[in-house]
Structure formats: C-alpha cells, structure tokens
Amino acid sequence: MRAEDPGADAPFVFRDGCIGVTVDVRAYRLSAVQKTAYRLAAKCTAIIGEVREHSLVVTLTFSPTTGEREALETARLFFQELLDQELREKVGEQTASLRALILAHAFSRTSLPPRG
Amino acid sequence: MARAVFHPRSAYAPSAGYRLLPLRFGRLDEHAYIVTNDVGEYVRLARDELVAFLERRLDSDTSVYKALKSRHFLYENDSSVAFDLLALKYRSRAERVAAFTGLHIFVVTLRCDHSCQYCQVSRQSEDSTAFDMTVEHADKALDLVFRSPNEHIKIELQGGEPLLNFPLVCHIVERARKLNEDHRRDLQFVITSNLSRLSDDVLSFCKEHGVYLSTSLDGPADLHDGQRPTRGGGSHRKTVEGIHRVREVLGLDRISALMTTTPRSLSRVDEIIDEYVRLGFHGIFLRSLSPYGFAARSLVKRYGVEDWLDFYKRGLSHILRINAGGYFLREEFTTILLQKMFSPLGSGYVDLQSPAGVGIGALVYNYDGAVYASDEGRMLAEMGDQTFRLGHLDEHSYEELLTSEALLAPLGETILEGMPMCADCPFLPYCGADPVFHRATQGDAVGHKAFSAFCTKQMGVLRHVIGLLETDAEARDILLRWV
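Same order as they appear, the protein sequences are chains E and W.
Residue 98 in numbering that gives the first Met the number 0 sits at position 99 of the first sequence, with consecutive numbering throughout.
Residue 62 in numbering that gives the first Met the number 0 sits at position 63 of the second sequence, with consecutive numbering throughout.
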C-alpha cells in the first residue's frame, strides 16, 4: 500500500475532502477491498477505481463536516481493516468446505432436508 | 506377569500440524482480537497470536493452542472428533428453529388508562370498546396457536391494558386450557399489565389457572410517575401495591417487571436498580427505547445509542457491586447474551435470532383480527407501515399466514450468515437479526450495519461483557452464575 502522492511526508494526503490510496492487488483481493469499503461506509464513501497493472486506486470521500485529522485516521483504519478482511478471505477459502461438511453432518440425522 | 508398556508422551503429539476449522475473528479492543465459531465458543488473542494461528504456525505447547483446540477452532490431522462435536453442538442450537412458534401474543384491547410518553401502541381511551378483540377472533387465534408444533406454548395477553377487557382474558385462558386437554402442550399464560385494575377477582382467576403477571416499573416514584402518567396520578403506588398483592396471593415468582430507558432515566441508573432491589426483584432488564409508536420517535432522537451504552455500563457495574455484596440480581439482557455464549441451547429470546424470530418465534393476534409477525411489526403498522402484517384471522388460513411473502421474505433475508458485515462478524453467534428495527430506521429489513444503532448497541454490549469476562475475575464469577 502507499499514498497516492509519492512526494508527501505523511502516508496519506487529505485534499478537497478526499484521500486517494492505492492498493496492491497482489497483496489484497478485490473482495477484501469491497468489504472494507462497506464496513467503513459510515465514515467515508470509498470509490473503487479500475485495476491497472497491479494497482487499484481507491478514493476515500468524506462529508464536508469531516476534518483532516479524522479523515487521516479513517485512511489508517482502512488499511488496518483491509488487512483483517484479507485474512478473513484466506480463512474462508480454507474452511468453507469444512463448514458445509459440518452442517451436512449436523442435519444428516434429522428431517431437514425432508426425507423423500 | 506382563509389564505394561506405555508410549512416551511424544507419541501422542500431533503428527502433521493442524488445520483450521470454520471461524470468525475481529477486534475486541485496542489490544486484543476475539475468534468465535458457529457454536458460540470464543478465544481472546493478541494480534500476533491470531496471525500465527491463522498461518498455522502456532506452537502446540502453548496455552493459546490448547484453548483453540479444546474449543474447536483447529483440528489435528489425525482426528475427526472436532467435526462430530461441532455438528452435535450446531444441531442443538438450531433445534429452536424446528420447534417453531412458541410465543403467541393476544392484543385483547387497545384501551389503556395510562398515557405513557414512550408508548409503543396507539392507546385508546378507556371506554372505546371498538378497540377490543372479539370472542370470535380470539377463538380463531387460539385455533392457530395449537397448529404450531412447539411443545412449549406461551400465551401473552397484552394491550393497551388487558385487564380493561378481563372477560376476554378469562375466555382465552379457559378455552386454551380446554383445547390443551387434547393437545397436551406445556402451556403458560402471562398477562402484561400496569396492575391499576388488579382486583381480587383477577388474582383468584390467575391463581386458579396458574397465570403469571408482567408489569412496568421505570424506577423510583417520581421517575415512574413522570413517564407513566395516569388519570388521578399514582401509577407507581398502584404498581407497587399490585406487586405486593400478586406475591402475597400467587407467590414470589409470579410477577416480573420491565423498565424502559428514557432521556430522564439516563442519569439515574443506580436509583432505578436500587428500586428493583428494594422491591425484592432478582432481575432487571435495562431496556433501550424502541423507535416505534406514539411518542417514541421523538424520544429516541433525544438520546443516542452511545448514551444508552454508557447507561448500561454504569448500570451493570452497579449490579455487579450489588451481587458482590450478597444480593442476587441479574441484568436480563446480559443474561441472554451469556446464555448464547455458554449454554448449549443458546437463548430463545425472540429479538436475537437468526433467521429473525418474526413469525417462527412469535405471532401477534391484534385486537382487530390482523396477524403480525412480531409485536414490533404490529407497532410499526400502527405508524402506517404494514410490512409485517401477515394477514387476517377472517381471511387467511394458518398455512397462508405462515407461508405469506410478508413472512418468508424477511426470514430469507435475515439469516445472519448471509447478511453483509454480519457474515464476517465475530459476534454473530451471540447476535440476531431485527428486521423491524431496520425497516423502521433504514427502510429495509436488512439495513446497512455501518449505520445501524442496533449493531452499535450489540457490539458495544458484547465487547464490554466479554472484556469483563476476560479481565475481571470477580465479575466473571458473578456473570457466570446468571446463566
């Protein structure tokens, strides 16, 4: 991850009510970015751009009442949450079939699903 | 004599590492994460422990590894015990769905002698008999009650003030008991009353038929009377007298009380709790306002969910002190969550189920013959939104009501495992869906949880309670006694 403005000292730059961030799609999948954006919807609107090369540009757009400090904190939270969402995606991949197996086993001796 | 040969301990060590079982995780606080699974087990971890665990490089000698293994978050490659246990526990928790509707609410009248500022129904004056349920509708509703396969049926008689239509209350109880001679269910009755009309006749009827009473008690007299005005005043005095009379005639456990948090209550949580203790109650439900009905909307705007959370945390702290002093008093909302964490069957609390408890947890038969999927759905209808109206006793059969789109749609939408944000939330096994709340506040049954006061409240309470369980040994001892 990196801030969009490479010359900035701070990792993120708040300008015109927005912070632009770039996500490396080799490290984070799109579904993780989307879930992160959804989870932070009360703090900002995340406009997810196109993937170019390995980069996805996401613009975090804030309401006019949001100050710079709060916006920068939200950008920091965005990447914290993105890290967790990516981990969740990996865990989901590893365990989805096991969850289906456990549920099938749980209901295998009941009348759910209905007996034919 | 042959000598027993034991394998060394290393022979029982996991042979080829471990694999993950289905789980969810999230932040508990600034320092810790929580992992939970589908059957309600949890473990608190530091972030580096979480990452090591998820990357399958956790050392099997550590206490964290042992906790995760014993609570079914991982399995060693040569064992399938965890699968059998998880399946068994999952089935136990899901059995409630198959049991179907247990709570049946009869709104026997909308008439009421109180004009409470937070009233959730459109109360009518005491002489408007047009707002009474008819005997015909009561009989049709009773026929539906016994169509439910649930072995445990609770019939709640409410209003308005149900004792203003006491003849119908008597009819419903007597006819239900008569019908139950054939059906043989575990049948229970509760009258939800402000007790202002409690008479010897009412008490002797309740005694004869084993009827419980539930009343409203908002705290000390000035607070209660300010919030629950009645003609001539004295609501608190009448309620307290009623509580004593019920206990005297029916027994100590035959009456319970509920409070509602208004803006005036926020600074007085200790006094409210002390009033419950003074009156000998051993449970108090610190209830937040619901955004339905009469004046509730304007009151809800006067305090936010964070205000209620602060009220709740101060209240819980006071309750824990009271318990530490030797008086048993449990906070009922916390108890519901603890049951979801530590009881194999979870909790049957209708408002915290997945799928939502609408229809399959409770049905409401309104005074006018309309049938609703929940009490809150009926309140929403009083505000003009008929989303949760399933049909009418005169027009629809049991099958039509229970397979109506008004029920099937919210049930299909409110399975937490399929709801955005909820699906990934570590608190999912302790939570539930509230389609009526989200319909009322966001205009759709699912709602966006990032904007949901319901979600903020649930997460705030759960983080606080789990924090106490994990960091305060004395609080943990007390809380576990409530389950």
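Treat the hints with caution; some may be incorrect.
Reference listing, derived: stretches of chain W covered by chain E, where coverage requires no fewer than 3 residues with Cβ under 8 Å from a Cβ of chain E [to be verified]:
1) 82 to 89
2) 160 to 171
3) 447 to 453
Since the hints were made in silico from the structure, they are not lab data.
Backbone N, C-alpha and C fix where the C-beta goes; we use that ideal spot for every residue, glycine too.
Results of checking the hints against the structure:
1. Using a Cβ-Cβ cut-off of 8 Å, 6 residues of the segment 82 to 89 of chain W lie near chain E, which meets the minimum of three, so the contact claim holds.
2. As drawn, the segment 160 to 171 of chain W meets chain E at 0 residues by the rule of a beta-carbon pair under 8 Å; below three, the given contact is violated.
3. Counting residues of the segment 447 to 453 of chain W whose C-beta lies closer than 8 Å to any C-beta of chain E gives 3; at least three are required, and the coverage claim holds.
In this structure, the one hint that does not hold is number 2.
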